[in-house]
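Protein chains in written order, with the numbering used here: chain A, 7 to 335; chain B, 887 to 1184.
Worth flagging that the hints you see were computed from the coordinates, not collected in a lab. Hints may contain errors.
Simulated pairs of lysine-lysine, DSBU-like, Cα-Cα distance not exceeding 30 Å [claimed, not checked]:
{"no.": "1", "chain 1": "A", "residue 1": "Lys41", "chain 2": "A", "residue 2": "Lys317"}
{"no.": "2", "chain 1": "B", "residue 1": "Lys1144", "chain 2": "A", "residue 2": "Lys138"}
{"no.": "3", "chain 1": "B", "residue 1": "Lys1144", "chain 2": "B", "residue 2": "Lys1127"}
{"no.": "4", "chain 1": "A", "residue 1": "Lys41", "chain 2": "A", "residue 2": "Lys298"}
{"no.": "5", "chain 1": "A", "residue 1": "Lys317", "chain 2": "B", "residue 2": "Lys973"}
{"no.": "6", "chain 1": "A", "residue 1": "Lys138", "chain 2": "A", "residue 2": "Lys41"}
{"no.": "7", "chain 1": "A", "residue 1": "Lys298", "chain 2": "A", "residue 2": "Lys33"}
{"no.": "8", "chain 1": "B", "residue 1": "Lys973", "chain 2": "A", "residue 2": "Lys328"}
{"no.": "9", "chain 1": "A", "residue 1": "Lys328", "chain 2": "A", "residue 2": "Lys317"}
It should be emphasised that the depicted structure is a prediction, and the values quoted were computed from it without experimental measurement.
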Amino acid sequence: MGFLKNRTALCLIVLAALVLVPFFAEKFYVQFFAKILIMAIFAMSLDLLLGYAGLVSFGHAAFYGSAGYVLAMMTPQYQAANLWVTLPAAVAASAVVALVIGIFVVRTRGIYFIMVTLAFAQMLFFLFHDTKIAGGNDGIFIDLRPVAQIGGWQPFDLDNFVHVYFLVLALFAAVYLLLRTMLASPFGRVIAGIRVNEQRMQSLGYPTFRYKLICFVIAGAVAGIAGYLGAVQFGVVNPQMMGWHLSASVMMMVILGGMGTLAGPILGAAVWMLLELAFQSLPTVAGLDLGKHWQLWMGVFIVIAALSLPKGLIGVGAALLKRKGGARG
Amino acid sequence: MDFYTFLIQLLNSVQYGLLLFLVASGLTLLLGIMGIINVAHGSFYMIGAYLAWSLAEQLGSLWIAIPAGVLLTVAIAMVLEWLVIRKLYRRDHLYQVLLTYGLILVFEDMRSVIWGDDVHGVNIPGILAGSLPLTDNLSYPVYRLFISGVCLAVALAMYWIIQRTRLGMVVRAGYSNREMVQSLGINIEFIYRVVFAFGVALAALAGMIAAPVSSVFPGMGSQVLIICFVVVVIGGMGSVKGALLASLLIGFADTFGKVLHLEIGGIRLLPELSSMTVYLLMAIVLLWRPEGFFGKRV
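One chain only, chain B, in its complex shape:
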């Protein structure tokens, strides 16, 4: 592997890792702040991607489709939280898994009714369609750099909101003592609704910006969900910092697992078993730190 191929794969793994972070940070926020395990999180990634595709077709541009889609998902999430999710806060995790699994079935079927079961491609907007030339025959697509940029910007904004604003302060306070915050006259139920919508919107946004690269297909939600679980397990539950580190690690493991060749005793292990590399990574981390990098010891 020469330097430029390595560089391209490195950029790819960072881009994939950051995108994963966008989805997983929403999941880990819900887990950490609200104590909710939402297995339908991946469905919002899928919904985001389908919205990007269909809105871009109808409105003519991905630039309008993305904000419109985010607003739409926030609205859906708010209604959903009010309708069912808020009833889960004090319930056992088992019921949270079940109810949100039921939501997956509902979302998948609605998706099939509204958009069908076909695979769709989404066009990259004109300005970002080019490539940066690296050597005579190798180049790197600008759009992938754009994805990384957006994810980084969102990560920084999230850090700022949680650590530096009044809203973030209330959210953190609600995490440590819900009743106390409520008795100080803060509407914690509304705050929770906002956090839920925010977490879900992150997943949808990730689906939207990933759509031109990954294309849009029915099983995309569960695929990303399970990898996000791995991110949360490795990074530590509720830790945004941990999610970032774990996402990047998984980005490297997955990308290089697909391009490297590894043979032991005549049996080809990589790239054949590349989809297992991230789980092996998880197994190793579990042996070493059962609570993940930044998780609280239980």
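Just chain A, with the same shape it has in the complex:
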């Protein structure tokens, strides 16, 4: 078991397993895994705020949805958009939205921050819900997936679900590496310092507002990558992509897995999606369709998890390992 403690080895094993998925799984499960990875990117971006910067954002879906809408609006009606243009544009748009919202919300803290992020995300939700921009309440279909054309060469084809999966996997790995590097850098240290004691960081001369704002923008941009991939995978965008139920779900994934780690949100996203699938496919018992009430089971599960898992699943695993280690030593 010793080698499992080596983080790099563990990462490579997980990555290898994920690469192998499309060679063994059916279409449904390949797409399901892609969905998990998209949610994992999204959850990692939120963890940057929740776990590292100590900013409890309850409106993170706003940035996820913004990127999706950018792809939808940049796609001409009977033509496919170019991936290499729309992906950077979508991520940049999410970053700009995060910057504008961030200027307002980063001034607040604690419970205020929770309420204000929710309110701003909801404002964006209503912008798309109540007006006729991009199909209004019904949303809009992206009939033709973006093409990955560079000059005359097309390295992969996003109409093929396996290619979509590998694109998602590649971006997932890139985001993981990026965040890991960033968190180990001096910037990451300052962010962690701000979470623990903002006043002290201030007196050390760090402009903490600016640091928190930059962190908020980076988290928004990474959420934008997830939102873009979500729009590509599902071929549709709608206001619910910005809705507070999605914000709450992704928050749950982060906490369920374990805040303040990168593996936590990934694990949390996987467990969350699997639970949702499991609850939805519950059988009918004695005339009662249990699967239809998956939200009820999900709700009960959240209540129990919030009461009994203060450090998430990662924390449970760490505690078990520690106990074992203690017994040995």
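Starting from the known structure of chain A, fit chain B onto it as the hints suggest.
Showing chain B alone in chain A's frame:
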């Protein structure tokens, strides 16, 4: 806009603002006194409205349905507080948000099981069904005035309880120092349970009296919750006075946002974007006073 139309809209905005206050004051009390952020607060508004509808159908009158419904919600709230909420008092806000969000999912599904997913109308009781004539063709419904009256009465009663009674004194003392109050021999846990039930009952009462005007529909809880957050942010956390002021402001912004027409450069901004006006109001207040009107500086 002539005078009478303006007057009607003014009355509407006051009525909406006061109703909002009824819900938001419960939320801000829980935040201020108990330090609990309860995102399931809106669910009780919804539960209240559904109770008003179903009890009025079964008992035959809204007058019996309202007290029965309030008692029922108080009972539910007491049990809920004992079961889960009391475990949250010393936990991080994050877990409070999560747990109460889980409760929303539970409540929404129960609502769907018990009452279904349809939209329902509730009849206005006979005495209040009329309208006050203003001009030859404009009139104002009595029931909306009744809503404003009830909300005002509750607001005054709340002020009196918190500022002038022994219970209010204990509650305020518990807010500043929980341990000290406990060591004086006061059962602070019970007091907290009562405050929680009271706050929740306010939301349910608001849902009940609003039901005949707004009708009863599944998404009504989250709609009101998010606006209430805006009220608390603008008014300042824990401040009942602030909640009143902010509710009235939002009442005006929302109502007049829907009736005024505003066009800039050929793009129609109002009433198309009326649902965004309250959030813009919040943004402006945040720039000016990040802690809200009557909030404590953090």
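Next item on the list: Go through the numbered hints given earlier and state which of them the structure violates, listing their numbers in rising order.
Entry: Every hint satisfied by this model.
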